[in-house]
Amino acid sequence: MSITKYLWVAIGLAVSATALPGTAEAQDCTTKIGAVLPTSVDWGRPIAETAQFAVDQVNAAGGAAGCQIEMVLRDTQVDPKVGVDAAKALVDLEGVKLLLGAVSSGVSMPILTSVTVPGDVVQMSCCSSSTAFTKLSEDGKTNGLWFRTFATTGVQSAVAAKVAADKGYKTVAVMYKNDDWGQDMARLIAADFAAVGVEVTASVAVNDGQPSYRAEVTEALASQPESLYLALYPAEGTAAVREWISLGGTQNMILANSLKSDEFRDNVGLQYLGATLGTDTASPRSESADAFRAAYVERFESEPNGPGLANSYDATMIALLAMEAAGKDASGSDIAAAIAKVTDPNGTPVSADTAGFSAAKDVLSGGGTVMYQGGTGNVRFDKNGDVSAPAVVWAFSEGGIEEVEYMSLNDVDAFITSLK
Amino acid sequence: MIQNLIDGVLTGSYISLGAIGLTLVMHILRFANFSHAELLSLGAYVALVCDALVAALVPVFAVKLAPLSLTWALVLAILMSMVITGLSALLIDRLVFKRVREKGLELSMIFASFGMALIIRNVIGLFFGLSPQLYSRDIAFAMVLSRDPLLLVKPDQIFVLVAALLLMLMLHLLLSRTTFGYSLRAVAENPSLAQVNGVNLHRTIMAVWLIGGALAAVAGVFYGLSHQLIPVMGRDLLLPIFAATIVGGIGSVYGAVLGGFIVGIAGNMALVVLPSGYTPSVPFLLIIVVLMIRPHGLFGEARA
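Chain order of the listed sequences is A and B. Just so you know, we're using my numbering here: the first sequence kicks off at 22 and counts up by one. Just so you know, we're using my numbering here: the second sequence kicks off at -5 and counts up by one.
There may be inaccurate statements among the hints.
No more than 20 Å apart at the CA atoms, straight line, and that leaves these computed lysine to any residue pairs for SDA-like [stated by the list, open to error]:
{"#": "1", "chain 1": "A", "residue 1": "Lys281", "chain 2": "B", "residue 2": "Leu124"}
{"#": "2", "chain 1": "A", "residue 1": "Lys281", "chain 2": "B", "residue 2": "Lys58"}
{"#": "3", "chain 1": "B", "residue 1": "Lys58", "chain 2": "A", "residue 2": "Gly290"}
{"#": "4", "chain 1": "B", "residue 1": "Lys58", "chain 2": "A", "residue 2": "Gln292"}
{"#": "5", "chain 1": "B", "residue 1": "Lys92", "chain 2": "B", "residue 2": "Thr198"}
Keep in mind the hints are simulated off the structure, nothing from the lab. Keep in mind it's a predicted model, so treat the numbers as computed, not measured.
Throw the hints in and build the complete structure from the sequences for me.
What follows is the structure in structure tokens.
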């Protein structure tokens, strides 16, 4: 009953720990990760619960990098100030090396520039779509610490360019909503049209809430384009398109997903929309996406229909896989660098669940790489931490809106690569 | 360039109609009525209902008067809407503005009119929904006036312009050739003195609301005919109409007409020099420039 006995016990534990790496050892420590999500709004809570769901599954597989994972969740209230304070507390006080969030681009951005980049912390967002992040990354200001599992508006603009090219349009006029989103779209679409050899004859900003869009339409019409691209919302879109058609403008139109509405179809009139095609991003049609749905339904007893749920799950899983790959006590940069190892298109495919995480551990410990197959498909980040998404081309029909073409993630990626 | 000019004249026609009513009310009742533009929405939506009613009762009237997208049903609906909107304006005055006028200050009237605008706008939204409505779902195609330079005009717009000019002419005759017109101008000039000379102030104010409301209804329908009906159309039209009134000079009917056309043309011509995102600033710029050069507007006069 003395020190010797404890010594033997300790040695015994140490031996068994060596014998069974990843199980016994994992119980000894806890690694904290941070999450800043808008839990106080109704659609934000499920996003946070989905992230916790992923963490639970990883813990069931023995945790990541040898430790159990504890997700410390803070509310952003969709307010940049609150979000930054929460992120600062998590990084400075809790010492997290990995931060999940935020949802809104306007909240994620100040966190990225003032907390995670200076603190060398990986930031993985489920839901921010602004291309401002891409720009920031291209300027080298994210230090490669920024990732997101939500496709940017770039996917839609690329698909629109593909539609124009497939249809053989030579010229196009662009009318866009004069806000952040519309300006973003206009900038992207101009580059993408140019890349496929379609000439943009006019790019016209449309302010909403104007009594008349006649002047804007006239300006676009004056360039006599073969087709028209619209990134507008239904209210001003209807007015502008009716004006456009009545003035004899082409009915070869390409629409952003914002005009995917029955109201728009009814008010413009189906008879004028026969040559119109629209674009949108789509959820993937893969086994892994179905598996995520099934797992989600089993856990939460409802379909994952809210925004960003599959994205939140994948963001968490990939981040934890990267933590595993980076090993114990890795810095933020190490984890960021390890993300390529777990989203390697040539790696061993692993599923998005406890078994998949365990399998990934084995492959990673053997020095291999894995390809994570999650709720949003086979996630792959580009050099700016952006992902793309499958896309659909749609058209208006008698019954509503029907799909014309589905582009898988690989098709979209291949096409976007061909544009660059 | 010429196309922009033509478009501007056509846009100007319904802005002018709206501005006439506003300028009368602003001059005679001496307050800036921010709810005036809502009378346009009200008139447009009343006409929408009347149009559907007439078309349902007398299906013969639902046939289009080619090449216009106008129907006899809508013509009748416009007349009905003029009456109903005029009476509504009167009712609003009786219920709200009259009481505020008797007790409150000039500023209270302005706030009351803001409140009225919000109420009307939201009641319309409550009844008709927030999405756009149309008198006719068919698109009336534009006529090509010339190929080079490309000039396009819609038949509906020519109708709107002609009808607006006719209405203005009628109003001009009313104001300049009738005793009623004289008494109206007398009240605008000096209410007390007019009363001393036997003008019934109460009835004159009623007439102002009726005329203003009726013209607003026509302007609203014409706007709806050219574009679309949406509950926020009053909000969108408020600024151009105020700009037209101020540029023309408060109280001057002719100034309001001219102001309407100036605002319409300037808004359309602005695209020639400004990027399209900046065109909404043009009415503001016009107001500033005119007020700097002629503080009372083009036709306005200083009053004691």
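Given the hinted pair lysine 92 (chain B) and threonine 198 (chain B), is their alpha-carbon gap at most 20 Å? Measuring from Cα to Cα gives roughly 14 Å; hence the hint holds.
Can you confirm whether the C-alpha distance between lysine 281 (chain A) and lysine 58 (chain B) stays at or below 20 Å? violated (31 Å)
Are lysine 58 (chain B) and glycine 290 (chain A) close enough, with their CA atoms no more than 20 Å apart? holds (17 Å)
When you check the alpha-carbon spacing of lysine 58 (chain B) and glutamine 292 (chain A), does it fall within 20 Å? Holds, at roughly 19 Å.
Run the distance test for lysine 281 (chain A) versus leucine 124 (chain B): straight-line Cα separation, threshold 20 Å. Distance ~17 Å between lysine 281 (chain A) and leucine 124 (chain B) Cα, so the pair holds.
The earlier numbered hint that this structure contradicts is number 2, and it is the only one.
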